[in-house]
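Chains as they are written, first to last, in UniProt numbering: chain A, 1 to 724; chain B, 1 to 216.
Treat the hints with care, as some may be off.
[Unchecked claim] Taking lysine-lysine and the DSSO-like style, the derived pairs with C-alpha atoms no more than 27 Å apart in a straight line are:
#1 B/Lys90 x A/Lys623
#2 A/Lys654 x A/Lys672
#3 B/Lys90 x A/Lys645
#4 A/Lys181 x B/Lys101
#5 A/Lys547 x A/Lys623
#6 A/Lys547 x A/Lys499
#7 B/Lys140 x B/Lys90
#8 B/Lys140 x A/Lys623
#9 A/Lys575 x B/Lys101
#10 B/Lys116 x A/Lys645
#11 B/Lys101 x A/Lys503
#12 A/Lys363 x A/Lys388
#13 A/Lys645 x B/Lys140
#14 A/Lys623 x B/Lys138
[Unchecked claim] Where chain A lies over chain B, by a calculated footprint (3+ residues, C-beta under 8 Å):
#15 26 to 37
#16 68 to 80
#17 171 to 183
No lab work stands behind these hints, which were simulated from the structure alone. Everything numeric in this text was worked out from a predicted model, so none of it was measured. For each residue, glycine too, the CB sits at the ideal point set by N, CA and C.
Take a look at the letters that make up each chain.
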Amino acid sequence: MLKYPIFTFFLFLPFLFFVCLKPASASFPEANALLIWKATFKKENNSILTSWTHPKASGSPCNWFGVFCSIDGSVNSLNLTNANINATFYKFPFSSLPNLASIDFFINRLFGTIPPQIGKLSKLVYLDISKNQLTGTIPSEIGRLTSLRTLHLVENQFNGSIPSEIGQLVSLSELALYSNKFDGSIPVSFGNLRNLTFLYLYNNSLSGFMPPEMGNLINLVEVFMYTNMLTGPIPPTLGNLNKLQILDLFENQLSGSIPPELGKLKSLEILSLANNNLTGLIPASLGEATGLITLHLYANNLSGPIPRELGNLKSLSDLELSENKLTGPIPASLGDLSNLEYVFLRQNQLSGPIPSELGKLKKLVFLEMDENQFSGHLPELCSGGLIKRFTLSNNRLSGPIPESLKTCSSLTRARFDHNKFSGNLSKEFGVYPNLTFMDLSDNKFYGELSDNWGSSKRLETLKIAKNNLSGSIPPDFGNLNQIQILNLSSNQLCGGIPKEIGKLVLLLKIDLNDNRLSGNIPHELGSFSSLNYLDLSRNRLTGPIPKNFPNSEQLFHLNLSYNFLSQTIPVQIGKLTHLAALDMSSNSLTGEIPYEIGFLSSLGMLNLSHNRLSGFIPESFQKLPGSVDIDISYNELEGHIPNGKPFQNVSIEKLRGNKGLCGNIAGLQPCKVPPIKNHKIGKGHKLILIVAIPLIGGTSTSICTRWHPDHVRTQKEEFKRCRR
Amino acid sequence: MAERILFVIVALTIICTLLAPKALGNSEGDALYALRRSLSDPDNVLQSWDPNLVNPCTWFHITCNQDNHVTRVDLGNSNLSGHLVPELGKLEHLQYMELYKNNIHGSIPVELGNLKSLISLDLYNNNISGTIPPVLGKLKFLVFLRLNDNQLTGPIPSALASISSLKVVDVSSNNLCGTIPTTGPFEHIPLNNFENNPRLEGPELQGLASYDTNCS
C-alpha cells in the first residue's frame, strides 16, 4: 500500500510543478504575443522599445516600457504614447491579451486598418489610437466592446460611415472621431449611448440629418459637430439635454428654424449655429438659456428682429449675429448685458438709432455694426475705455461724434465711412496712440485737419476722403511714420503739399486728388521707394514735375492731371517699368515728350492730352505694349505717328488738336515727306529754343498771364484763405 | 496624460473656432491668407493681412474693385521667400499678380490657369522651378507674362500662342528647352526675351518635323 501514495506523488509532481509556476507562465504567452507584434514594426530609430525583449527569468512583460500588469501578472494596459511606432494592427495579439483594459497609442505612425478582431478585447475600457495614419472603416465588431468608456480615433484618415454598432457601447462616456473623413449619417443608434458625456465629431464629411434620438443623451455636456455637411433641422429634442454646456454646429448645412426648445438649456454656455442655412426668427426663448456666455448665429438666413429677451443673458460676453437678414432696432435691453465684450451685428438690415443704453457696456472691446441701416446720432459708447475695433461704416448715421469716442484711446481700428456724420473734424477726434486704421470717408465733416492726427503715431491707414474739409495739410502729418495709405481726396484742402510728407517712407498709396492744393509738388516726394499709387489730380498745383520724381519701380498708377503743372516731363519717368496708368493731361506741360516714355513696358493707359507738348512723338512709342490706350490730343505735336501696335487702332479723337500730326489714320492728314529720325530733329529744335528763349522769354510771360488770368487770380484768393 | 493632451487640443480648437470671428464666404481672403502662410516674410509686408477682416480690401498691397473683389496683388521686391499656393487660382477678378524680385521657390501652380481676368503675371527674378503650365493658355486677357530669371524647365507651352492679347513675354534666363513658338502673339516678341536658356532651340520651323529634343 505504501508504494501507491509515493507513486501517485511522483505522478502528480509535474502537475504540481505547473500549478506552482502558473502565475509566471500566464504572462509568458502574453509576452510572446507582444513580441510577435513587435517583430512587424518597421525599423525606426527607436530606443524606447529595447526593453521589449524575451525575459529570461520570469517570462513576464510587466517591466517592459509602456506595459502595465495587474496583480496577477496579466497585461491590463498598454501605453505607448508618442513612441514613434511604425506598424499595423494586423499582428496585434487581440486574442492573447484577455485582460487588456486600456490601449493608448496616441501619436504614433500606425497605419492600415483596424482589424475586426478588435471585438475580442472584451474588457477594453479605454481605446485611444488618435493621431496616427490609420485608414479604412471602423469594423462593426467594435460594438462588442461593451465595457468601453472612452473611444478616441481622432486625426487619422478613417472613412466610411460610423457603424450603427457603436450604439451598443452602452458604457461609452467619451466619443472622439474628429478630423477624419467619416461620411454618411450619424447613426440613430447613438440614442442608446445614455452615458455619453463628450461627443466630438467635428471636421469630417458627415451628412444627413441629426437624429432626434440624440435628445435621449441626457448626460451630454459637450457636443462638437462643426465643419461637416449635416443637413436638415436642428432636432428640438436637444432641448432635453439639461447638462449640455457646449453645442457647436458651426459650418454645416443645417436648415429650418432655430428650435425654441434650445431655450431650456440652462447649463448651456457656448452655442454656435453659425455658417449654416438656418431661416426664420431668433427665438425669444433663447433669452431663457441664462448660462450663455457665447452666442454665435452669424452667416445664416435669419430674419425678423433681435429679441429683447436676449437682454436676460446676463453672462453673455460674445454676441455674433452678423450676416443675416435681421430687421428692426437693437433692443435697449442689450445694454443690460454688462459682460458683453464682443458685439457683431454687421451686414444685416437693422435700423433705428443705436440705443444709448449700449453706453452702459463697460467691457466692450469689439463693436462691429457696419452695413446696416442705423440712423440718428451716436450715443456715448466708449465709457469703459476698452473698445479696440469699432466699425459703423455703411449706415445712415448722422450728427457729431460723441465725447467718449473722442477720448477713446484704446481704439485700434475705426470705421465711420459712408454715413452722414457731421461736425468740425478738428474738434471731433483726439489722439489715439494705438490706432492703426481710421476711415472717415464719405461723410459731412467740415473744418480743418488738426495737428492731433500726427500724434496718433501708429496710424497705418488714414482715409478722410469725400468730406468738406478745408485748411491745409498739417506738416505734423510728417510724424505718421507708420503710414502706408493716405487718402484725403475730394475735400477742399488748400495750401501746399507739406514737404514733410516725404519723410513717410512706408507710404504705398497717396490720394490727394480733387482738392485745392496749390504750390509746387515737393521734390521730397521723389524719395518714396515703395510707392504704388499716387494721385494728385484735380488740384491747383503749379511749377514743374520734380526731376527726381517719381522714384519707385513699383508705382503702377500716376495721375497728375487737371493741375497747372508746367515745364517738361522728367526723363526719369522712364524708370517706372511697372506703371500701368500714366495721366498728366490738362496741365501746361511744355517741351517734347521724352523718348524714355517708351521704356514704360507695363503701360496700359497714357494720357498726355490738353498740354503744350511740342515736337515729334518719339519713335520709342513703338516699344510700348501694343494694347496701350494713348491720348495725346490737344497739344502742339507735329510729325508722323510712329509705326507699331500702339497706334494701329488709335482713333482721331486721341490725336486731334495738335499742330501738324500726320499719318495713315482716318481723319489725319497723310505725311508728305518720308519720316526722318526724330531725335536728330529734336536736337535741332533744342538749338533753336536756346537761341530763342531769351528773346521770347520777356514777351511770353506777359502773354502767359494774359492767357491764364484765372490761374493768377485763383492763387491770390488761395493765399488769403489758407493760413498755414 | 493623454487625456490632458486631448483636453488641450480641444480647448485650443474651441478658442480657434469661437473666439476668432471669421469672415466666412470670403474665399479671396482665404486664398490670400493661404499665400501668406506659405511665404516667409522677414520685412513684415504681410502684417496687415488679417483673416479676421471681412474681406482683404483693406490689406496693404491689395487693390479691390467696387464689388470688393481683388484686382491687384502688388508684392514686387518685398524680400519674400517660400512658395506659391494653388488657392491663388480662386482670385477670379485678379488682373495684376506682381510677385517679381523676391526669393520665391517651388513651381507655378496649375490653378493659376483659373485666373480668368488676369492681365499681368510677373514672377520674374525669383527661384521658381518646374515647368510653365500649359493651362496658362486659358488666360484670355493676359497681356504681360514675365517669368524671366528663374529656374523654369521644360518647353514653352504652345498653348500660350492662342492668347491673342499677349503683348509682352519674357522667359529669358531660365532652363527652358524645346523650340520658341512663332505664331500668334509670338510673332512680335523679340528674340532676346528668350535668351539665356541654354537648352532652348531656335524658333520653331513651320511644316518641318519637330526636333528630337527630349524636352517635356
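Hint-by-hint comparison with the structure:
The suggested pairing of B/Lys90 with A/Lys623 is violated, with an alpha-carbon distance near 33 Å, which exceeds 27 Å. Distance hint between A/Lys654 and A/Lys672 is fulfilled; the C-alpha atoms sit about 21 Å from each other, no more than 27 Å. Distance check on the hinted pair: B/Lys90 and A/Lys645 sit about 33 Å apart at the alpha-carbon level, beyond 27 Å; violated. Taking the CA atoms of A/Lys181 and B/Lys101, the gap is near 41 Å; set against the 27 Å cutoff, the hint is violated.
A C-alpha spacing of about 23 Å is found between A/Lys547 and A/Lys623, which places the hinted pair at or below 27 Å, so the restraint holds. This hinted pair checks out: A/Lys547 and A/Lys499 have alpha carbons roughly 15 Å apart, not beyond 27 Å. For the hint linking B/Lys140 to B/Lys90, the alpha-carbon distance of about 16 Å falls within 27 Å, and the restraint holds. Taking the CA atoms of B/Lys140 and A/Lys623, the gap is near 22 Å; set against the 27 Å cutoff, the hint holds.
Between the alpha carbons of A/Lys575 and B/Lys101 the distance comes to roughly 16 Å, so the proposed pair stays at or under 27 Å and holds. The hinted pair formed by B/Lys116 and A/Lys645 meets the criterion: a straight-line CA distance of about 24 Å does not exceed 27 Å. Among the hinted pairs, B/Lys101 with A/Lys503 is consistent with the structure: their alpha-carbon atoms are about 25 Å apart, no more than 27 Å. Taking the CA atoms of A/Lys363 and A/Lys388, the gap is near 11 Å; set against the 27 Å cutoff, the hint holds.
For the proposed pair A/Lys645 and B/Lys140, the alpha carbon gap of about 19 Å is at most 27 Å, so the pair holds. Between A/Lys623 and B/Lys138 the alpha-carbon distance is near 26 Å, which keeps this suggested pair within the 27 Å criterion. For the stretch 26 to 37 of chain B, the proposed coverage by chain A is not satisfied: 0 residues have a C-beta within less than 8 Å of a C-beta in that chain, short of the threshold of three. Here the stretch 68 to 80 of chain B counts 4 residues with a CB under 8 Å from a CB of chain A, which clears the bar of 3, and the coverage holds.
Here's how the stretch 171 to 183 of chain B fares: 0 of its residues keep a CB closer than 8 Å to some CB of chain A, so the rule of at least three is not met and the hint is violated.
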